[in-house]
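Residue numbers (our numbering), protein chains in the order written: chain A, 1 to 668; chain B, 1 to 490; chain C, 1 to 468; chain D, 1 to 102; chain E, 1 to 156.
By construction, these hints were calculated from the structure, which means they are not laboratory data. Keep in mind that the hints are not guaranteed to be accurate.
[Unchecked claim] Partner residues aside, some chain A positions facing chain C, computed with beta carbon under 7 angstroms:
| no. | residue |
| --- | --- |
| 1 | 638 |
| 2 | 641 |
| 3 | 642 |
| 4 | 651 |
| 5 | 652 |
| 6 | 654 |
| 7 | 655 |
| 8 | 662 |
| 9 | 666 |
C-beta: ideal position from N, C-alpha, C; glycine also.
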Amino acid sequence: MSYVELSYWIPLLPALGFAVLILFGRSLPGRLAGWLATGVMAVSAVLALGLLRDVALAAPHWDLAAIFSGQSESALLAPGSPDFPFRLEWNWLAIKGQAGIPLVIYVDALAAIVTAMVALASLFIHMFSIGYMWGEERYHTFFAFLQLFSAAMLAFVLAGNFFHSLLAWEVMGLMSYLLIGFLYKKKTAQQAQKKAFITTKLADLGFMIGLFWLYLLIGNFDLADLASEHTLALIPAGTAAVIGLLVFVASVGKSAQFPLHVWLLDAMEGPTPVSAMIHAATMVSAGVYLTARFYPLLIHGHALMVVAWVGAITALFAAVIAPAFADVKKILAWSTVSQLGYMFLGLGVFGWAAAMFHLVAHAFFKALLFLGSGSMIHGAKTQDIFEMNRLKKYMPWTYLTFLVGSLALMGIPPFAGFWSKDLVLHAAEEHAPILWLMGLTAAFFTAFYTTRLIVIAFHKPAMPSPWKAAAWTKGAPWLNLGPADAPPDPEPPQGHHPHESGFEMVTALVSLAILSIVVGLWGSPWADYGLLKLLYWGDAPEILPVGKLLSGYVIGTLVALSGIGLAWYWYAAGDPLKQRAPLWLTRALQRRLYIDEFYYKVVAALGQSPTYVLAFFDRWVIDGLVDLSGWLALVASSFLRYLQSGRFAVYAFYMLLGVLALYLGGIR
Amino acid sequence: MTLLLIFLPIVAAALVGLLPDPKAEAGKRIALGVALFTLLASVGVYFAYPVGSGGFVSQFRLDWLRLIGSSFHVGLDGLSLPFVALTPLLTAVSVLASWRKTDKGFFALMLLLQGALVGLFAALDLIVFFLFFEAVLVPMYFMIAIWGYEERRYAAVKFLIYSLVGSVFMLAAMLATAYLAQPALGELSFDYLKLLSASGYLAALPAAAWLFWGFAIAFLIKLPAVPVHTWLPHAHTQAPTAGSIFLAGLLLKMGGYGLIRFNLALFPGELKHFSGLLAIVAFVSIVYGAYVTLAQRDLKRLIANSSVNHMGYVLLGIASMTAVGLHGAVYQMVAHGVITGLMFLMVGLLAERTHTREIAAMKGVYPAAPKLGGVLWLALLGGLGLPGLAGFLGEFQSLWGGFLGVMTRPYVWWAVFGIVILAGAMLWTIQRVLLGKAETEVADLEPYEVYAAAPLVFLAVLLGLVPALLTPWIDAGIQPILTLVQEVLK
Amino acid sequence: MTLAVIILLALGGLALALAAPNFDERPTVLGGISGTIFGVTLLLGFAAMHESGVLYGAVQQGPLTGLAIVLLSLVGLLAAAGAAIRENGFAAGSGEVHALMMWGILGGVLLVGSAHLLMFFLGLELSAYSTYVLVGYDRDRRFGTEAAAKYLMLGAVGSALLLFGMALLYAETGSIAYAGIAAGLSAHPSALAVGGLALMLVGIGFKLAWVPFHAWAPDAYQGALPLMAGYLSVAPKTAVALGLAVMLTQAFGDAAGMVRGWITALAAVSVVLGSFWAMGQGDIKRLLAYSTIVHMGFLGMGLASGTLTGYVAVAYYLAAYIVTSLGMFFSLEALEAHGIASNLEAWKGLGRRNPMVGVLIAVFVLSLAGAPLLAGFLAKLYVFAALAQAGSWAALIVAVIMVIFGYFFYFRILTALFLEEPGEKPAVEVSATAISLMFILAAAVFVLGVWPSPLMQWLKTAVASLMI
Amino acid sequence: MVTLGHFLLLSGLLMAIGLYGVLTRRNLIAVLMSVEILLNAAALAFVSVAAYRDPHLFAGQIFALFIIVVAAAELSIGFAILLNVYRSHGVVESDAISEMRG
Amino acid sequence: MSLTAFYALAAFILLFALLAVTTANMVRAALSLAVTFFLIAGLYVLLGSPALAAIQFMVNASAIPIMTLFIIMMTQSRNSPAPKSWQIALGALAAAAALVFFRVAVDHGDSSVASASPAVLGEGLLRAALLPFEVASVLLLLAMVGAIVLARRRAG
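The shape of chain A in the complex, shown without the other chains (with noise of 0.2 angstroms):
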């Protein structure tokens, strides 16, 4: 029994266990239901494994010494099995003459690794949850979401119908949605959950409306068939692209891009561990792997320059705007979207393999830093990191793994991000030097405020928040899909003394970290490009001579280190609190370049103004004019009724006139 006819066990166990979590955890005592779920898990995780094992025995292996030398004919080294990419297919929808929709399960490279990486991330994310959400209301709930979300999410990475790829993701959606709002007494959490379904519902319309054209184009809803060359034939360019940014848009929206980025800040009102499994490592991945996977449509239609430049402005903007935060969480999720713009600017430069590496590496060291950040939280009773209290001191673990996690993300060699964002660049510097540009530049940025962060948290002692007073809390009007930046509650309580985190926290912490710095030398030169070995796909000529990779590697880790020396001169050397930016512009910052305004004031308010219009059209116009019509029956009933008189000459007039017009009507 190979684990590739296992595979669709790794989305379904998690499901079950939300089933039985939803029916039964009430009953379930102590920490049971926390544990129950991460056992799932890692039976999954280890499926997902073995899935990986499976199809890296299974999948061709390129030659990428080769390729780099120019060599590419003799590139390939094993032609791969077969029956790769694997595939399993049942009947789920069928319709006559029609293809229908049947439920497929398509595992090639990059859904293997995404899949292993899911099921990881997930895991240590249930394990931290089983200390983080002890004492919460409803933590059986909880577990239950998580494993709905994490089926669903596995669901769609090994999804080979992109119907069934849509269901996940609104499924996804769904989960986000319950999870964000998980606190839901909270009028905070309640707008955030709201406004994060009502943005990514909008930008699924495109995905929906994808799908359609392209059912009508090629008759199939089908992953794999959308690669071949014989189906593009069918596919006009210009149709291509416009499908292709449909599906774009829908992604732009899963993964918080500019300009649908606004509901992710938001989306921090959730548990920790939500913003850590879902708003960092995977669901909003989940819109990175879906573009990848229209990936073929995007060349054919010649669309890739608007995903590079939607990932560029997102990875500088957000990059720029982490720094006026104070919420940990806050400039983790700036952080967040950020990153994503990596992705994307990697995958629209034709660094696809870059792109998806990134993708997992990020997902492993966001995962981290967003539990590290629930431990800090955890421990200091806070998110303020201007009142965290020398973190450093009392959470040594929390402290070390959050390094960790941190020098991934800023890019220092050896940890992961280093690998996978600096090819990532080195993309974008082969096919739009200015998009190169705008990358480093947010890589600079990146680099300062992460240890701005880390300085201020772990090293420097409690101080009153600078942030607080400017908090913008102001709601909105009518619909209410309102930014929720308000400050944090309830307030930190006087004179707290952290602590370190439980064993559970601990330990996932400590594991995520590892993984951080496995995944990173998996993909790098020095471990032969195992990762993308996998997952090089075809000629994208994407992978650059090592000299000049050489060369990129050098200059993004300077630009990292210039980051963080400032950030080291201002906040560390310096008192965080006498840094000030300039009001105008700190506040503008805050408000986040009054984006969210923009929506509210301008998209939400033109989108919901004929509500009352229509509805007051409906109550008194439309059934008025039924009413009307009743009243009127009425009224000329009341008048008709005068002609019965009750005077005999009349009636006898009548009779008459009867005549006189039968008389009239015959004689003609």
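Assemble chains B, C, D and E onto chain A, guided by the hints.
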């Protein structure tokens, strides 16, 4: 078997009506028993149906009105079976939902409705169809008018008159169809299957457009499509819980079912000719319905208006005239029956507890009553077309089919926005009603209420994940019609 | 057999009239006698259907006359039984009611069977005069007297116009026999004949209460005792409708097409205006009068269609209307006998004060409205089918639209019955006789609505003679 | 020569007069008298048609005979009703009997 | 037949008929009516039907006016109130309509009159119209019973 499914409830209704004590407990027990028994029977018929070969099963035919060529002809096929099975299910749910009521008349009316609805879906004779179409009105009228909320009479009359407006034109069209088809058939017949064989002849008639609209008006009102939908908010809002479940779960389906059965099958040419217009109506229903939903302050009214949106997808699927779209239409109808039935069930139970339907007067229902709140949450999410629940597949297929249809394609581009608007309405409702801190005590679901909700929850999920429980039947019902349509259109 | 029926009815009425004063205290005896006679004539009617030939050159024997005997005897039988609802009889004496009704029925039979205008006229007058007296029967009822006066005078004018019309037809064709008239009329008759036909239609339309000859009906119904109103709503109408059918096929010859057009117009106007008038009524008998106008409109549409389906529809309509309308009026009679006036105000919450009575009345009202599974539904359905067959689309559309209005005003009764709160009003007791009669009629309404085939088949053979 | 037309015209004129009377008279007895004129007009028409156009059967004249009978019967019932009207309303005028309307 | 006699009779018939429907005094109106009917009997003679004329004289011109006079006395209706203006309008309209309607009658130009002897009439009555004859008796009976019923009050 068909006869049993139709007449057992009717006979039982008479039995309940004749109980000496007007407040007899036996009334609801009989009603529940009959509903459950017919449910078992209908499920049996459903699964015994030969999906592969299709056609009509369990046919029964009896010369009835020989003079005008109408016979009591009933039978079941893949198109009607889902509804025939859904009817007793929702009846059972409604009985359980009304377990606190004691009036025997209420339960008798429910059984009467059940029988009439099954008869409607099983009818294979135009006159019989009309008979049951009308027969549904009277019990529903009384159910709303006697046991409804404060403006029940206005709502009941509106429901009655609106429905009649449609049905009388349908009757006229039926008569005209039969008489105009007489030369082709060589005899006067209201038999559906015979008329079906003459659909090519009917299509060539100069009066075909009139006939088409005669049928269509009735079904569009029942569906309901904007702008003939305004009976629905009143009726749904004012009806008692059971009445709302029937209305939403089954009565609206009469419209979509009729459109497929008659407008599509008998007048495909006209449907094709007017499909652009119908697509506009569908698009307007979807978007407009969603917007109006967004503005409601009354919880039941809100859900009622969401039905306008949901049934817009049905019309879109039908107007597309594609296999996919029709699948979507039927799927959406069944899904809507389950999910909106569930919504009304929960909202009804909630309104009984809080003694208000004002959204503004509710808050934090979920923490106060987790089971009720949780199920209502699920139902509302189902209402916004959440994937994994039945509603999504219906909407998706309808839109998909709509995109495949040439005439409907342009409107799909805009109809999809209805999804987001409705999502906004539903989420906002969830936020206002369910979330937040509990302010008042709300009793959680009683065991029997859990039993009422459980099958609907189960079905909502099951149909969202396992379409194979429905699509083969739809295929068996739709494909012969589509084949015929293609022949006629040639 | 026809002759036997005529003699039986004439002498039976005489006997009842003579015996009447002696049975004032025991009114049911007279009802029993009357019922027996009608029972016998009912059976004779079936036999009469197989006869042929013309009786003394005046009365045709045949299926249609037999049908008229059966239907009218049924009316008589039911009315005789209905008289028992008022257990203490009528204020002005009980016996003569039976005699008058019997003679009225005799008039109806003669009217249908007549072979020439004179017989038709006499039959019409016979049936009319009995109703004049019946409407004004209780002279202590102020409205009854008023109604009788108006009814009689309008009726007299109607008769005079009818007579004049007959005279003009006679002038045109030189004959008063149906066959002779038919021979003398062309498809485009002369102005004289058009005038004659128009005037004749007035007299006939008056009895059928077609607008604009309807004006007497609301007053007469409202003023009369419910039993009399019930008789009034079915007996003359059954006879005149069938008589008109005979005339259309036998007397009007080629001009029948034109007359059918008139009838369609009158019927359509009746249906529309009747519905509007019925909408705001508070008095149930008055409402039912307008309802009758509407029903006679529908019936007229069937008559005018001129097809076999149309004639069967008319016959079925009459049968259905007899049981439904009598059931309704019996209910009114039973309630009035217990002091509950026939208006919506007094009927509030009746369905809760006595559910049995409420449900039975609901059956009649729903049948009148045309709800499915009841006789009224099929009656309308057949008429509509006939219209479709004849291609009278405009009439069909008008008719179906007016069905909606019908529901609207009939449901006002149901609203009063079931939806209004009874308030302080006491429970309602109704005599066992009344309940059983109502139940029998309701059952008949239901059976006719569900399983009409045997009746339909029989009616078809009866009216088939019209088509030759 | 006196033709049938003369008689028909005369009876028509009588009809018009009778109708005028029916519509304008407020005393109900006078209305019934006008009705009598109408009936006589019809009878006259029958008789004249019989004389001119039905020389063998004289059906119209027999008809006229019956009209006279019917008129008498009608009057007797009519007067009985009018007497009741007089008893209950105090007058026999059309204004009095216009209580039912609508 | 004498045109003069016809015109003279017709003129007086119309005159008295007009009087009968317009005179306020009820007794005068009844008497005018009697005269009208009497003159119509004259027309019947002109039309060659003396038997009918006799019956007309006995019933319509004598019995009915007398009955009418009785009823006029019993109800104390001395005068018929003057018609209201809308009544006159309706009446005039109706009469005019009737005239429009009857203009067609003039076209009939038959001029030979067949006279019906009482024997012919009697035979027709009892042979051709036997059943109507019997029915008429029932009709009269009905009228009698009806009149009695309407007039009497129940004993006790």
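Structure-based check of each hint:
1. 638: 6 angstroms, holds
2. 641: With a minimum Cβ separation of about 6 angstroms from chain C (threshold 7 angstroms), the hint on residue 641(A) holds.
3. 642: The hint is violated - residue 642(A) has no Cβ within 7 angstroms of chain C, the shortest such distance being about 10 angstroms.
4. 651: With a closest approach of 3 angstroms, the residue 651(A) hint holds.
5. 652: For residue 652(A), the interface hint holds, since the closest Cβ of chain C sits about 5 angstroms away, which is under 7 angstroms.
6. 654: At 4 angstroms from the nearest chain C Cβ, residue 654(A) passes the 7 angstroms test, so the hint holds.
7. 655: 5 angstroms, holds
8. 662: With a minimum Cβ separation of about 4 angstroms from chain C (threshold 7 angstroms), the hint on residue 662(A) holds.
9. 666: 4 angstroms, holds
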